[in-house]
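Chains U and X, in that order, give the protein sequences. Just so we're aligned, residue 0 is where the first sequence starts under numbering that gives the first Met the number 0, counting upward by one. Just so we're aligned, residue 0 is where the second sequence starts under numbering that gives the first Met the number 0, counting upward by one.
Any given hint could be a false lead.
Covered by chain U, according to a simulated footprint, are these stretches of chain X (three or more residues, beta-carbon under 8 Å) [unchecked claim]:
{"#": "1", "region": "101-107"}
{"#": "2", "region": "160-169"}
{"#": "3", "region": "197-210"}
If you're looking for bench data, these hints aren't it; they were derived computationally from the structure. For every residue, glycine included, the Cβ atom is placed at its ideal position computed from N, Cα and C.
Below are the chains, spelled out letter by letter.
There are 2 protein chains.
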Amino acid sequence: MDKSTREEIGKEVIKRLKEKFGEALIANLKEEEALSLDIIVRAFSNIIFDEREQLIKLGSKTQSRAFFNVGQTRVFMQTLLVANACKSLIESGKTTSIRSLYYSTKHNIGNTKENTFEEQGESNPIIEDIEVNINALREELHLRANSKGAMVGNLTIIDSGDEIDLRKMGSGGWAVPSIVEPHTIQFKKCDAKFVLFIEKDTVWGRFNEDKFWKKHNCIIVHGGGQPPRGVRRVVKRMHEELKLPIYVLVDNDPWGFYIYSVVKQGSMKLAYESARMAVPDAKFIGLSSYDQEKYTLPDEVTIKLNDGDKKRIKELLNYKWFQKKEWRKELESMLKKGVKLELEALSSKNIAFITDTYLPEKIERKEWLS
Amino acid sequence: MDKSTREEIGKEVIKRLKEKFGEALIANLKEEEALSLDIIVRAFSNIIFDEREQLIKLGSKTQSRAFFNVGQTRVFMQTLLVANACKSLIESGKTTSIRSLYYSTKHNIGNTKENTFEEQGESNPIIEDIEVNINALREELHLRANSKGAMVGNLTIIDSGDEIDLRKMGSGGWAVPSIVEPHTIQFKKCDAKFVLFIEKDTVWGRFNEDKFWKKHNCIIVHGGGQPPRGVRRVVKRMHEELKLPIYVLVDNDPWGFYIYSVVKQGSMKLAYESARMAVPDAKFIGLSSYDQEKYTLPDEVTIKLNDGDKKRIKELLNYKWFQKKEWRKELESMLKKGVKLELEALSSKNIAFITDTYLPEKIERKEWLS
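Based on the provided sequences and hints, a complete structural model is requested.
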């Protein structure tokens with residue numbers, strides 16, 4: 000995407016910011032009404048699971064945020080401050096972190112001892128409100144989150160004008176940035192047939208060192224544990240724009256399974272962004288709770304579930320987006336066996352077992368969950 | 000470094016492994032002595048601060064680890080297991096994570112219910128013992144730690160045979176891998192005049208977006224908070240091999256100052272590796288406890304020190320490697336003012352203040368601590 004397209008997106012977002020947080024209030028004033036914004040509710044009560052799209056989403060409940068309501072004056076003022084800061088940011092063409100935005104909007108109010116914000120915990124939810132209410136991703140507001148994760152494989156990308164061949168990124172790889180929207184990252188030559196998303200960076204290192212992506216013609220990416228927004232979004236874009244299937248490889252524990260569910264269906268916290276972040280087609284390729292028997296892994300490489308694990312499994316089983324038969328079977332089997340299994344446990348066969356045998360077999364035999 | 004040099008290093012490390020953990024024991028047997036290893040002590044009691052080299056180091060105290068001592072039999076056996084696994088790893092030419100090594104050495108002992116290891120907390124210290132006792136870095140044993148951090152700038156590198164121009168790495172950058180030893184990473188064309196080490200990835204993002212490294216002809220690197228081994232080691236190598244000065248930019252709080260001290264002098268935990276990881280010449284360029292007045296930052300962007308911060312400052316002031324006058328002045332001023340200051344606080348001027356004004360002024364006026 001060239002500079003002019005990028006400016007067009009910026010203009011569109013600014014237009015929506017103005018409509019929602021400026022013109023609506025001017026209309027209030029003209030009509031001599033009390034100043035008030037309609038804000039979509041981002042609470043559990045407004046979270047729905049869209050069965051057809053298989054996505055966790057926000058419903059349509061709204062509540063008003065009024066200037067003349069003593070309990071809402073502060074958050075009303077904060078909403079306009081942050082909306083205005085985002086507008087300036089987009090106009091400047093720069094991006095910044097949400098922490099930096101907090102500092103740049105924090106100041107003393109007039110001659111009082113009141114500050115606009117006391118802590119970042121006040122400005123973060125407002126950023127989310129703005130995203131939801133003008134239907135723009137945080138990245139389109141030019142806001143950066145923390146970045147982690149790396150990617151290599153049979154793909155060439157353009158990042159901020161630089162052409163980067165992900166086939167020639169050595170052992171380190173390309174560090175996935177926080178903002179991977181089309182105005183920053185474009186995809187060029189792609190020979191890959193699928194994307195392998197790996198939970199852990201050290202396991203990704205094994206796949207990269209063994210040049211798995213070259214042998215099996217794919218792209219490998221990790222998000223250093225629970226993947227940050229940038230990694231989820233780049234995976235989503237590769238799925239949509241390059242039409243690549245996504246395979247997810249995680250530890251066999253409730254946390255790993257949850258990471259899979261987030262990549263696939265979205266999360267409650269970011270329910271309003273599922274449509275742009277989640278990949279309903281993503282496939283769970285391992286570790287399965289049945290892999291210990293299948294690959295005759297010794298008992299001593301399993302780890303006993305602790306109370307936190309068990310509690311988490313039961314929570315997951317209660318979510319309405321965890322009701323697929325195969326998912327329940329996995330989680331119930333985990334609970335019944337009472338053990339979890341880490342990706343590294345496959346090293347008890349040999350350190351390259353995961354790349355030489357495990358993954359190729361799973362893919363060839365189509366042994367995955369949908 | 001080519002493959003043959005890499006193999007030579009591997010041979011040398013294997014030779015030392017054999018001498019220390021094999022031949023010494025064979026000598027015991029021949030002399031009909033009890034099997035015993037002399038192991039260098041890695042406890043606080045054996046940590047010294049080398050005033051001349053300005054490095055935290057291990058002293059020369061050793062203790063014996065004997066097979067026929069009931070309290071030591073288990074750790075004796077574990078030491079040989081891990082040493083043997085490292086030898087196999089080097090011979091295979093592969094690298095692996097310390098977690099994977101744990102799993103590959105964990106197994107049942109004969110027909111007993113005993114396992115060689117119960118948890119990774121048992122194998123990690125043995126890896127450190129081996130590093131110390133044969134004077135090899137973990138990376139030379141082919142062991143990977145977690146990786147985080149990214150790097151861009153006026154430098155071309157070779158990573159595992161791939162030439163990577165760090166001037167053309169877009170917004171993401173090159174993800175710094177865990178192993179950056181000369182057999183994996185080599186430096187090629189370098190125009191940079193210095194290295195800027197930045198504590199936080201989002202602040203690094205600001206410097207990269209503003210192309211600070213291009214304007215000021217340098218290399219910028221971050222380690223996502225407390226830097227991992229790979230980042231510390233690549234900074235050290237750039238200092239030694241490319242003769243580049245290192246500037247460290249951290250939050251003005253005890254944790255930021257501690258990161259600076261680790262980059263410069265090493266840490267207690269990795270005292271045995273200071274000589275290969277630390278850069279005694281590294282310079283602290285900010286944030287200083289005096290920056291609030293100097294740059295007229297408003298009070299509301301400072302953060303009150305909490306009890307943990309105050310305790311940590313007092314601890315640092317007690318370390319013998321924190322006795323430099325200027326360091327004490329900084330920490331004492333922080334304590335006296337009772338506030339800390341984050342890098343993002345400079346955004347209260349404007350979001351590019353840190354790259355346009357703050358850093359260039361500091362460097363031009365040589366305002367740093369040594």
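Quiz prompt | Verdict on chain U covering the region 101-107 of chain X, where coverage means 3 or more residues with a C-beta closer than 8 Å | solution = holds (count 6)
Quiz item: Count the residues of the region 197-210 of chain X with a beta-carbon closer than 8 Å to any beta-carbon of chain U: does the count reach three?
Solution: holds (count 7)
Practice problem: Please count how many residues of the region 160-169 of chain X have a CB within 8 Å of a CB from chain U and say whether that reaches 3. | Solution: holds (count 7)
Violated hints are absent here; each numbered hint is respected by the structure.
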